[in-house]
Structure formats: structure tokens, C-alpha cells
Amino acid sequence: MASPVTPTPLLKDELDIVIPTIRNLDFLEMWRPFFQQYHLIIVQDGDPSKVIKVPQGFDYELYNRNDINRILGPKASCISFKDSACRCFGYMVSKKKYIFTIDDDCFVAKDPSGNDINALEQHIKNLLSPSTPFFFNTLYDPYREGTDFVRGYPFSLREGVPTAVSHGLWLNIPDYDAPTQLVKPRERNTRFVDAVLTIPKGTLFPMCGMNLAFDRELIGPAMYFGLMGDGQPIGRYDDMWAGWCIKVICDHLGWGVKTGLPYIWHSKASNPFVNLKKEYKGIYWQEELIPFFQAAVLPKECTTVQSCYKELSKQVKAKLGKVDDYFIKLADAMVTWIDAWDELNPSGQLPNGKSRSHSASVPAAAKATNSDSIVE
Amino acid sequence: MSQVTIDRNEVDIVIAAFHSDLTSFFEEWRPIFSQFHLIIVQDPDLKEELKTPKGFDFDVYTKSDIDKLVSSSNASMFSGYSCRYFGYLVSKRKYIISIDDDCTPAKDNNGDVVDIVTQHITNLKTPATPLFFNTLYDPYRKGSDFVRGYPFSLRSGVPCVLSCGLWLNLADYDAPTQSLKPELRNSRYVDTVLTVPKNSLMPMSGINIAFDRETVGPAIMPALKLAQEGKVRWETMEDIWCGLVVKLVCDHLQLGVKTGIPYVWRNERGSAIDSLKKEWQGVKLMEELIPFFQTLKLSQDAVTAEACVTEMAAAIKKGMGRSHPELANAADNMVRWVEIWKEVESRVLA
Chain Z
1 MASPVTPTPL
11 LKDELDIVIP
21 TIRNLDFLEM
31 WRPFFQQYHL
41 IIVQDGDPSK
51 VIKVPQGFDY
61 ELYNRNDINR
71 ILGPKASCIS
81 FKDSACRCFG
91 YMVSKKKYIF
101 TIDDDCFVAK
111 DPSGNDINAL
121 EQHIKNLLSP
131 STPFFFNTLY
141 DPYREGTDFV
151 RGYPFSLREG
161 VPTAVSHGLW
171 LNIPDYDAPT
181 QLVKPRERNT
191 RFVDAVLTIP
201 KGTLFPMCGM
211 NLAFDRELIG
221 PAMYFGLMGD
231 GQPIGRYDDM
241 WAGWCIKVIC
251 DHLGWGVKTG
261 LPYIWHSKAS
271 NPFVNLKKEY
281 KGIYWQEELI
291 PFFQAAVLPK
301 ECTTVQSCYK
311 ELSKQVKAKL
321 GKVDDYFIKL
331 ADAMVTWIDA
341 WDELNPSGQL
351 PNGKSRSHSA
361 SVPAAAKATN
371 SDSIVE
Chain S
1 MSQVTIDRNE
11 VDIVIAAFHS
21 DLTSFFEEWR
31 PIFSQFHLII
41 VQDPDLKEEL
51 KTPKGFDFDV
61 YTKSDIDKLV
71 SSSNASMFSG
81 YSCRYFGYLV
91 SKRKYIISID
101 DDCTPAKDNN
111 GDVVDIVTQH
121 ITNLKTPATP
131 LFFNTLYDPY
141 RKGSDFVRGY
151 PFSLRSGVPC
161 VLSCGLWLNL
171 ADYDAPTQSL
181 KPELRNSRYV
191 DTVLTVPKNS
201 LMPMSGINIA
211 FDRETVGPAI
221 MPALKLAQEG
231 KVRWETMEDI
241 WCGLVVKLVC
251 DHLQLGVKTG
261 IPYVWRNERG
271 SAIDSLKKEW
281 QGVKLMEELI
291 PFFQTLKLSQ
301 DAVTAEACVT
311 EMAAAIKKGM
321 GRSHPELANA
331 ADNMVRWVEI
341 WKEVESRVLA
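For the protein sequence lines, the chains are Z and S, in the order given.
For the first sequence, the UniProt record's numbering gives the first residue as 1, with consecutive numbering after it.
For the second sequence, the UniProt record's numbering gives the first residue as 1, with consecutive numbering after it.
A couple of the hints might just be wrong.
DSS-like cross-link-like pairs, simulated, lysine-lysine; straight-line CA separation at most 25 Å [said to hold, decoys possible]:
1. S/K277 x S/K231
2. S/K142 x Z/K110
3. Z/K97 x Z/K310
4. S/K94 x S/K125
5. S/K107 x Z/K110
6. Z/K50 x Z/K268
7. S/K63 x S/K47
8. S/K125 x Z/K184
9. Z/K184 x S/K142
10. Z/K310 x Z/K322
11. S/K142 x S/K107
12. Z/K300 x Z/K310
13. S/K142 x Z/K268
14. S/K297 x Z/K300
15. Z/K110 x Z/K12
16. Z/K317 x Z/K329
17. Z/K82 x Z/K277
18. Z/K95 x Z/K12
Calculated directly from the structure, the hints in this document are not laboratory data.
Just chain Z, same shape as in the assembly (with noise of 0.2 Å):
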């Protein structure tokens, strides 16, 4: 049964904001009330010697590309560049154990009461409550205020699992595929669907990384971003490729997907016609994709989720390889992502990266400080 209202905790201390950037970082100032307590990892796309401006007063800190290739060595090959997939770097060099991403584009949503909606304390809620994949409520989240599991819902289930990922959604511009975004140009979503659900069991989703959240320290290695943007023949599809190996993987660990609540306001739309040459192979890939891992099955052996992560890369090159060569380097780069994971992520936890702030002490445009980020 759902528990009385108590108050969200902060996890302040236990939580990375992973933003993606190649611009600004303007939008930070709008998420200022939620954001400013949370540490930051900016991961800066695109040419390194752009300086980005971070608003004062948040602690961060930043990897540009020079710094991936420093960190990982031959292994920065697994992170892509001029995408926005690049943002599992932040991931694996985070020393939390929840992280929430956001794109910058993405700014604070009002609810129907024209409330400010604080996503990431959404998004809490969502992953430290549990989740219900095995039985569908028809009533949505049972652990929410409000609500329960209704009639016939067996009471063995009720506990629910640990949630792994929260998947927020986005008011205004929906996100939607090339082809969609031609057809309808001006659709936008207005639409505030007050529900929070779990994605039952053994059914794939699309998984949209504007706006997600995720216990790190049970699904993190999985959450890789793929091989996307420049040199590869394919964009727009990292969180989807991500999506489907975590799903398969929390299915398999027995570990629970929310999708629902927090919006945000998604304020920028990208060009259609440039989406469409990115995500043009992914719109036939999928087709391959989707049976693939619909069908994938993992051995009972595979009990951590870097062996599950391992295996599947296996069957991604057995099976995908066929389908085009990509395949092949990103099951290879699947396997070097898990290599990099553990290697900057052994059992012994480190300290986070040098902390920055605006302060006095620390030059704001420094780049020499970026240096002694991490892993000593």
C-alpha cells in the first residue's frame, strides 16, 4: 500500500545533473530554484577551445573533448562526437549514485494549476519508489499520492521491484522523427497526462534522453549512448539504442521502467530536414533492431549488468552485424564502453572530479583547471 506524504528528500548529495552541451548553458538560470544544491557534469560536444559560460553560483564540472580523449585514451573512441550522445561520458565519470540528464533546450513546465514543475524532484520520487512491471495497474503508479493497486491486483506483487530509470516527458515540441516532424510542423503537445506507469515486462519503448533519470549504481553501465554524430553513419537514435539494451536488461535483472511525469517544456525544434538524413538508417535499422532485441534472451549466468551488457554485444554482432558492418564497431564499442566503465569505476570509490564554482580563488575561463578533473 502506498505510504503517507512525507517530504522528497534532496539527494543532494547523492545525485549528478549530466547536461550535454555545445552552445550555452543559459537555460540554467530557469532551473536555478531546482538545480543550484545538485553537483553538475557538463560534458562540452564539438570544438573543445569554445569556451562555455556556466551561470554562477553552480557547482560543476566540465569534459570537453580534449579531456575525454585524456581520461579514456584509445577508449574515447567509444564516445561520440558532435552528438549528444556524448553525454554518457558524464555518466561513467560521475561518483553518484542517481543521475538525471537533461538537454539544454529543455526549460521548467508548468502544470495545469500553472505551477512550476520541479522535474528532478519528480523524478526522485519516481526512482525511490518501486516499480510494478510484472501485473499492469490500471490506476497507474500505485505508490503515488492518491492512489493504490486496485482490485484483483495480486498482493504478492504489491512490493514492486527497484525502479532503475525514470523517463520524463515534454510539453510543447514532442519528439517526434523527421518524417513526423514534416508532416505535422506545427503540432505540439499540450496535452498534461497527470500518470506516472511502469512498462510491463518484456515490452520495448522509446527511450528519449532529454529528460531521464536513473539509479546509476544499478543500470549505469548499461547506459550507453551508442556510436552516433561525426564518422558514423547514424544520429538520433543513441537513447533508442540505449533504451532497448536497458529494458532488456532490467527484464532480465528483474528491475523496473517508469514513464509518465515530470514534464518539461521542450522549447527548441531541430531542423527536420537535417534530422532526416541523421535518423534515415535508423528508420530501416529499427525494423532489423526491434525484433532483435524483442527476442533477445540472457542466461541465467548473467547476474550483473556488465555481463548482461557483455553478452548482448555478442549477440548485437552476431546477429545485427549482418544487417550492416556499424553494428560490428558499435558491439566492439559496447564492449569498450564496459572496459572504460570499469576501469574509471573499480569497486573502491573515488572522490568526484575537482569540483568548480565561481569563486574568487577559481579564474571562471580557466581551462588549465580542467586538468586535474579526475582519476588520480
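Place chain S on chain Z using the hints.
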């Protein structure tokens, strides 16, 4: 997506009457129901004559009608909450909408009265998408669509044959839950309808449903009767059982089930605490039913709802029916239902 047209000749609204005075119920529903044909099935235990207001097009069926149509041994299938299934049986229309007689129209978040007929029929006339989850829920709703990453080959969806609505105020909680939280009322109107994914079982509440009678009528049957079944929802499982069966049938036949809007307003009735003692049998049963249903497989030869139900009944009889007499009875009822259904259909066509 294009607007769905409602053809009144395709719709029957079936109400089971547990109280003789239906005037206030029908007055509340008049704006929404008056243009449709209604089938009222009187609870066989209700002795008084029904009082209904003028201005409705309906047929009433009583115990004697039930006894006339089905043999006396089968008539017991239609007692209590299950009397409504008789209405499904005798209907000649494509779609059935069925609600409990303690429900009145709800209001949505804009304060507008919810037209359950239009919403249920819209749910049924637009495809379902059970093979892949759409994060913006029903993509056929106005203002929505399939999201990035949704395979194009799955965008035509499958026919939706069951639409499960929800309830504001008194939600369909079980007796233990409602007893523990006597003040808990559902005040959250969730403006969505979504497809229940394939292979995912759900508890179907009979309080507010609609279905494609022509396609899945044979799978929506009165089968499971608890030993102490009563006249409040806390004391029944017949709809829950039905939901497990029909979901399996739909998954097997590539048909879809939607859940979400429309909402009805469910009024106060009965006492959860009083019902506690009666519901335990059902609660215990569910624990074993779920694993059983999750592993039940139907053969390739079962290509109709009738065939699926017949196969399922045999499997239940052989399996759990051995240790649970109420399940063996349910299996027998399933077989009987399919036979009655076929007979009634052939009379209609003859």
C-alpha cells in the same frame, strides 16, 4: 487522425439492474444514453418490477427471459453481477458498453461532462498498439502521434476490441485496501488512454467497459463465481477472471486492449469492511492464477475467440482445476458459454 463517427445502430448499452428504481440513474445518463439502444438485465434475485423513465429505447430481460433462452442448468451462470452477460448474449450489435448501476457521469479537468459512449467507441474504432510502447500514449488521439524511435511497420496497429474505462470518487479498490484507507477517493483525472502491452496481464474491472462483441464476445463470459459472491464489487472476481481470459485471447489473436479514459463517477455503496471476509477467497486465488495465466499458451489452430476460450477451458480444467473446484467450475462455464453463444448466434442468423 480523423474523427471517428458513432453509428447508433452499432451500439448497445447493457446495464445490470440490482435496484428496481432506475429512474435517477437514467436521468443522470439521459443526455448521453437517450439516443442509444439499451439492454437492461434484471438481477434474477430482484423481485420487484423495474421503474424506468420515459424517453429511452430499451429492452428489459428478467429471470424468466433467461430461463427461456438457456436451459435451467445454465441459468445459474447469470446470477448476481453476471446477469449482465445475458445482455451481451442477446445483443445483436457490434459494440457493447456496460457500466454498473451505481455510476453516474463524471466531469473532466475542464469541467465538461464525460461522454463515455463517444470515448469508448473512439477507443474501439482506432487501432491499439500492443507490440511496442508509445511514450505519448494513444498515438491516434488528436494532438498526439507516434514518437521518435517507434518502428514504422508497427504504426498501423491492431484492432482494439476492449476498452477499459476508469472511475473517479470510489475507485475499484479491493476490500482490504478500501478498509485500510476508508477516506481514499480517486480525484485524479488522468487524461490518457493507452494500449495494454502484449503479454502484460491486467485486472479488468467490469464497472465501466466496452468491447467489440462480434470479435471477442465469446471471451467475455460469466465463468468464475466465488463461493460467497455478493452484490457489491468487493465481493466478486467474475470480471477479473474475464479480463485475464480476454487478454490472453487478444494477445494470441493480435488484438488490442486499451485502458484509461473515459471516466465514470462511482457512487458510494456498501461497506468495504463488511465485504472483507467474502473477498479473501478471490484474493488467495489470484496469487496462483497469475503465474498460471502467464505461462498458458494457445495453439496455432485457435484462430477465433471461441476456439481460444475452449482451449483455455481445457487447460484450466487439466491444470489448476484439479485442485480448485471453483476453477473447474469456471472452466465448465467457459465451455457452456461458448456453446450458448454459438447457439444464440445461429438462431440470429437462421
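To see whether the hints hold, each was checked on the structure:
Distance check on the hinted pair: S/K277 and S/K231 sit about 14 Å apart at the alpha-carbon level, within 25 Å; holds. Annotation: proposed proximity of S/K142 to Z/K110 holds, straight-line Cα distance about 21 Å (limit 25 Å). About 22 Å separates the Cα atoms of Z/K97 and Z/K310, which keeps this hinted pair within 25 Å; it holds. For the hint pairing S/K94 with S/K125, the CA-to-CA distance comes to about 11 Å; that is within 25 Å, so the pair holds.
About 22 Å separates the Cα atoms of S/K107 and Z/K110, which keeps this hinted pair within 25 Å; it holds. Taking the CA atoms of Z/K50 and Z/K268, the gap is near 22 Å; set against the 25 Å cutoff, the hint holds. For the given pair, S/K63 sits about 9 Å from S/K47 by alpha-carbon distance, which is consistent with the 25 Å threshold. A threshold of 25 Å between alpha carbons decides the hint, and for S/K125 with Z/K184 the separation of about 23 Å falls inside it, so the pair holds.
Proximity of Z/K184 to S/K142 is assessed by CA-CA distance (about 12 Å); at most 25 Å being required, the pair is judged to hold. At most 25 Å may separate the alpha-carbon atoms for a hinted pair to count; Z/K310 and Z/K322 meet this at roughly 19 Å. Restraint check for S/K142 and S/K107: the C-alpha separation of about 19 Å stays at or below 25 Å, so the hint holds. This hinted pair checks out: Z/K300 and Z/K310 have alpha carbons roughly 14 Å apart, not beyond 25 Å.
Simply put, S/K142 and Z/K268 have alpha-carbon atoms about 22 Å apart, close enough for the 25 Å limit, and the pair holds. Under the criterion of a C-alpha separation no larger than 25 Å, the hint pairing S/K297 with Z/K300 is consistent with the structure, at around 23 Å. Annotation: proposed proximity of Z/K110 to Z/K12 holds, straight-line Cα distance about 23 Å (limit 25 Å). Between the alpha carbons of Z/K317 and Z/K329 the distance comes to roughly 8 Å, so the proposed pair stays at or under 25 Å and holds.
For the proposed pair Z/K82 and Z/K277, the alpha carbon gap of about 15 Å is at most 25 Å, so the pair holds. As the CA atoms of Z/K95 and Z/K12 are separated by approximately 13 Å, the hinted pair is consistent with the 25 Å bound.
Figure legend: structure checked against the earlier numbered hints; every hint is met.
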